[in-house]
Amino acid sequence: MSDSNYVRLRQICLAASDIAHTERVFSDILGLDVCHRSRLPQFGLENIMYAINGCFLEIVAPIQPDTAVDRFLARNNGRGGYMAIFDCADVDHHKSLAAAAGVAPIFERRNEKADLLQLNPKQTGATMMEFDHHNGGDDMMGNYHWAGDDWQKYVSTDVTGDILGIEISSPGANSRAKLWGQICDRPVKPAPEGFEIELDYGLIHFRQTPDRAEELFTAIDLTAKDPKGMQEKAKAAGCHVTDNGFDFCGVRFRLSPAAA
Numbered sequence: 033m034s035d036s037n038y039v040r041l042r043q044i045c046l047a048a049s050d051i052a053h054t055e056r057v058f059s060d061i062l063g064l065d066v067c068h069r070s071r072l073p074q075f076g077l078e079n080i081m082y083a084i085n086g087c088f089l090e091i092v093a094p095i096q097p098d099t100a101v102d103r104f105l106a107r108n109n110g111r112g113g114y115m116a117i118f119d120c121a122d123v124d125h126h127k128s129l130a131a132a133a134g135v136a137p138i139f140e141r142r143n144e145k146a147d148l149l150q151l152n153p154k155q156t157g158a159t160m161m162e163f164d165h166h167n168g169g170d171d172m173m174g175n176y177h178w179a180g181d182d183w184q185k186y187v188s189t190d191v192t193g194d195i196l197g198i199e200i201s202s203p204g205a206n207s208r209a210k211l212w213g214q215i216c217d218r219p220v221k222p223a224p225e226g227f228e229i230e231l232d233y234g235l236i237h238f239r240q241t242p243d244r245a246e247e248l249f250t251a252i253d254l255t256a257k258d259p260k261g262m263q264e265k266a267k268a269a270g271c272h273v274t275d276n277g278f279d280f281c282g283v284r285f286r287l288s289p290a291a292a
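So for the sequence shown, the working numbering puts the first residue at 33; every next one is plus one.
Hints in this document: simulated from the structure, not taken from any laboratory. Treat the hints loosely; a few may be bogus.
Derived pair list, reagent style DSBU-like, types lysine-lysine, alpha-carbon separation capped at 35 Å [stated by the list, open to error]:
no. : residue 1 : residue 2
1   : Lys127    : Lys154
2   : Lys210    : Lys185
3   : Lys221    : Lys127
4   : Lys267    : Lys257
5   : Lys257    : Lys221
6   : Lys145    : Lys127
7   : Lys127    : Lys185
8   : Lys257    : Lys185
9   : Lys267    : Lys185
10  : Lys145    : Lys260
11  : Lys185    : Lys260
12  : Lys210    : Lys154
13  : Lys210    : Lys127
14  : Lys210    : Lys221
15  : Lys145    : Lys185
16  : Lys210    : Lys145
17  : Lys221    : Lys154
Note that this is a predicted model, so its numbers are computed, not measured.
Given the sequences, and given the hints that come with them, work out the whole structure.
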């Protein structure tokens with residue numbers, strides 16, 4: 033991508049207590065194999081990743097007690113997405129925008145492969161925001177180092193199409209959207225039941241929920257070749273099926289037909 037200031041929704045991270053069960057369910061529903069797995073003892077977790085076209089779904093699970101993931105699952109009773117991960121042209125640009133908004137980093141790493149910035153979720157609200165830049169990754173089918181060196185061979189659109197966006201639910205959706213818009217360097221627009229930010233890839237919808245005190249990353253918009261068939265797979269796996277999707281791993285998957 034030639035845009036010198038791109039920012040894209042690139043990876044969604046969900047948390048689970050039982051990663052083996054979660055893998056079985058997701059692999060069956062999505063029709064995908066895990067493209068990468070690892071153990072990260074410095075964070076007290078293990079993870080798996082699915083390549084959904086040029087985007088990624090990651091599942092993390094604690095491997096020891098009293099880790100950040102463990103506390104997240106306990107605090108939210110397993111509800112909500114754990115992280116929203118964006119790739120961008122310049123991590124330092126978004127770090128400066130976050131600082132101007134009063135949001136501090138909680139973790140940074142820079143090396144020859146990628147730059148990484150994680151922001152304080154207590155300040156961003158709802159979920160953790162991460163900004164990355166991958167060397168050789170300006171194209172969405174290029175390098176994405178978190179997913180390994182050969183993630184592209186795991187891409188299949190036979191069942192699952194694309195991640196279109198996410199939903200953040202908040203009793204203060206307006207102010208939350210303005211903060212995220214400032215950090216993402218993108219305008220906030222009115223939308224049904226709230227506000228939205230359109231990125232170079234992906235849409236963030238902020239849903240106004242005045243009847244709830246908590247903020248949560250509540251939904252993922254996903255395309256499928258056969259949405260009804262995907263719902264049937266989800267029901268057979270024990271997931272709650274909704275009018276337009278299913279619930280699993282703390283969030284609602286809202287399905288629409290994939291482009292022909």
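For each hint, the structure was consulted:
no.	hint	in the structure
1	Lys127 with Lys154	16 Å, holds
2	Lys210 with Lys185	38 Å, violated
3	Lys221 with Lys127	23 Å, holds
4	Lys267 with Lys257	17 Å, holds
5	Lys257 with Lys221	30 Å, holds
6	Lys145 with Lys127	19 Å, holds
7	Lys127 with Lys185	33 Å, holds
8	Lys257 with Lys185	19 Å, holds
9	Lys267 with Lys185	29 Å, holds
10	Lys145 with Lys260	40 Å, violated
11	Lys185 with Lys260	26 Å, holds
12	Lys210 with Lys154	16 Å, holds
13	Lys210 with Lys127	16 Å, holds
14	Lys210 with Lys221	10 Å, holds
15	Lys145 with Lys185	20 Å, holds
16	Lys210 with Lys145	31 Å, holds
17	Lys221 with Lys154	24 Å, holds
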